[in-house]
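These protein sequences, in sequence, are chains A and B.
For the first sequence, my numbering gives the first residue as 1, with consecutive numbering after it.
For the second sequence, my numbering gives the first residue as 1, with consecutive numbering after it.
If you're looking for bench data, these hints aren't it; they were derived computationally from the structure.
These figures come from a predicted structure and were not determined experimentally.
Incorrect hints may have been included.
Stated by the list, open to error - No more than 27 Å apart at the CA atoms, straight line, and that leaves these computed lysine-lysine pairs for DSSO-like:
1. B:Lys-50 <-> B:Lys-205
2. A:Lys-9 <-> B:Lys-130
3. A:Lys-197 <-> B:Lys-155
4. A:Lys-197 <-> B:Lys-109
5. A:Lys-128 <-> A:Lys-138
6. B:Lys-205 <-> A:Lys-197
7. B:Lys-155 <-> B:Lys-109
8. B:Lys-130 <-> B:Lys-171
9. B:Lys-130 <-> B:Lys-109
10. A:Lys-197 <-> B:Lys-50
11. B:Lys-109 <-> A:Lys-9
12. B:Lys-115 <-> B:Lys-171
13. B:Lys-155 <-> B:Lys-50
14. B:Lys-50 <-> B:Lys-109
15. B:Lys-130 <-> B:Lys-155
16. B:Lys-212 <-> B:Lys-50
17. B:Lys-132 <-> A:Lys-9
18. B:Lys-132 <-> B:Lys-109
19. B:Lys-205 <-> A:Lys-9
20. A:Lys-128 <-> A:Lys-9
21. B:Lys-171 <-> B:Lys-109
22. A:Lys-128 <-> A:Lys-82
Said to hold, decoys possible - The following label-pair restraints were derived from C-beta to C-beta distances:
23. A:Asn-291 <-> B:Gly-28: 37 to 45 Å
24. A:Asn-198 <-> B:His-195: 21 to 29 Å
25. A:Arg-13 <-> B:Asp-182: 32 to 40 Å
Built from N, CA and C at the ideal position, the CB exists for glycine as well.
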Amino acid sequence: MYSIGQAFKNICRNIRLSLASVATVSACIFLFCIFFCVIANLRAMITNIETRVGITVFFDENLSDEEIMSIGERISAQPEVKETQFISADEAWSDFKKEYFEGKEELAEGFADDNPLKGSSSYAIWLKDAARQDSFVKYLENAEGVRQVNYTSQAGSLLTGINNALLIVSAILIGILLAVSIFLIRNTVMISAEFRKNETAIMRLIGATNSMIRAPFIIEGVTIGLIGTLIPLVGMYFLYGYVMRYMNEHYTMLSDIFSLMPHSSVFPVMTVVALILGVGIGFFTSLFALNRHLKV
Amino acid sequence: MIEFFDVSKTYSTGTRALQHVDLTIDDGEFVFIMGRSGGGKSTMLQLLLKEIEPSEGEIVVNDYTLRNMPRRFIPRYRRQLGMVFQDFRLLNDRSVFENVAFAQRVINKSAREIKESVPEALRMVGLSSKYKSLPGQLSGGERQRVAIARAIINKPSILLCDEPTGNLDEKTAREIMQLLDDINRQGTTVVVITHSAELVRDMDKRVITIDKGVIVSDV
């Protein structure tokens, strides 16, 4: 109780510096939260796109449907495969007609019983992990009887590229803010230590343990870190909700491909990581500042 | 009991503060350590508080051999010592009660214990009525009494006083020495570092004189 009381007195005594430290930690954590949300949603989007479209495999034209299905069974047995669907040439033509000649069925009548997509029996394949798509495509391309493999490498790799660029930018920005936070908390704690030099000297001489001497300063640092984390987390909670509502109202057409993940999917992990980051900055900065400054 | 066995201390600057000091202070004794500035008195005090290490020799206090003492045992050892300074070293933003209670708070004594023992310590030094005052509202003698109350509240077996009357007038100095004598009569070993020959003469106690790091008399 003594240490907690002293920690809060320290914070109030250096209120301006304490507020500056809280603001910097808040800025750092806020940026972290923004990047976390963007990256989490981007990853979800990549997975969504890749798993939706899947891979389509076409086979050599001289193969019968039975032979194709036999190859398809071998493909389905691969551990990466989540689901497969056989689409015969007749089904492919029927789907095509439905999609392109709807309302103008007379245009398709010219084909009579001829199937222009003859030899286009295929397998649609969905993978358990979209990240393994490239290696699996290579396997398919080398598989016996496979003529062509269609997959959405561009959309996936573009988003993965954006994701990686964002990771680098966020790491640099968070790193800079982290350094500023550490510097400010260190200064705050060192000023408190200087202010209480007389008190800590007496404490030492009357038999206070090192942990007892350090506790108020460490609690001070942790409190700054904690407040600096809670403010952006609460702000982010409401901001995220607002953006979610805005997207739903204004970009309904995108909702099929891309909709923001719910709070419950993003915030639990983000909150834990942000708290570890914010409280960790406060704790370790105070600890190391005292090691240098206090003779304990 | 305090024992110095052939203790020498040479600082990194080359200053020889103590040279081959042998000394024994028994439990319950009242001892003055006298000498000129720079003679080695403060070095003895710092050695006893284990703030510095001797260059040679051994110091044993209440069966604790200081040289081999692990760092984690130092706080527990220091709780056996009470310390009074010339400049009082009080916390000026806290009341008399809080200054005395401070010595118990930092070693995690319960609120109940603090509530019982602080008034007792203040009564002993004659400051019961001033428990709400701030140090700035007290006279020099009263401030030193607060410092003494803080030093004895944890019932140390040894009370170390570094020039406790150095900032006080003669009358107040005598009152403080009387208070230290009372504490000694209750069984606490009292070691007073001073350069006031008059006070020492009046008290009629054991006097160790140290000069240039060497004990020149012990009477």
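Taking the hints in turn, this is what the structure says about them:
no., hint, verdict
1, B:Lys-50 <-> B:Lys-205, "holds, 26 Å"
2, A:Lys-9 <-> B:Lys-130, "holds, 25 Å"
3, A:Lys-197 <-> B:Lys-155, "holds, 25 Å"
4, A:Lys-197 <-> B:Lys-109, "holds, 22 Å"
5, A:Lys-128 <-> A:Lys-138, "holds, 16 Å"
6, B:Lys-205 <-> A:Lys-197, "violated, 36 Å"
7, B:Lys-155 <-> B:Lys-109, "holds, 13 Å"
8, B:Lys-130 <-> B:Lys-171, "holds, 20 Å"
9, B:Lys-130 <-> B:Lys-109, "holds, 23 Å"
10, A:Lys-197 <-> B:Lys-50, "holds, 19 Å"
11, B:Lys-109 <-> A:Lys-9, "holds, 21 Å"
12, B:Lys-115 <-> B:Lys-171, "violated, 32 Å"
13, B:Lys-155 <-> B:Lys-50, "holds, 19 Å"
14, B:Lys-50 <-> B:Lys-109, "holds, 24 Å"
15, B:Lys-130 <-> B:Lys-155, "holds, 22 Å"
16, B:Lys-212 <-> B:Lys-50, "holds, 21 Å"
17, B:Lys-132 <-> A:Lys-9, "holds, 20 Å"
18, B:Lys-132 <-> B:Lys-109, "holds, 21 Å"
19, B:Lys-205 <-> A:Lys-9, "violated, 45 Å"
20, A:Lys-128 <-> A:Lys-9, "violated, 56 Å"
21, B:Lys-171 <-> B:Lys-109, "violated, 36 Å"
22, A:Lys-128 <-> A:Lys-82, "holds, 5 Å"
23, A:Asn-291 <-> B:Gly-28: 37 to 45 Å, "holds, 41 Å"
24, A:Asn-198 <-> B:His-195: 21 to 29 Å, "holds, 25 Å"
25, A:Arg-13 <-> B:Asp-182: 32 to 40 Å, "holds, 39 Å"
Checked against the numbered hints listed earlier, the structure breaks hints 6, 12, 19, 20, 21; every other hint is satisfied.
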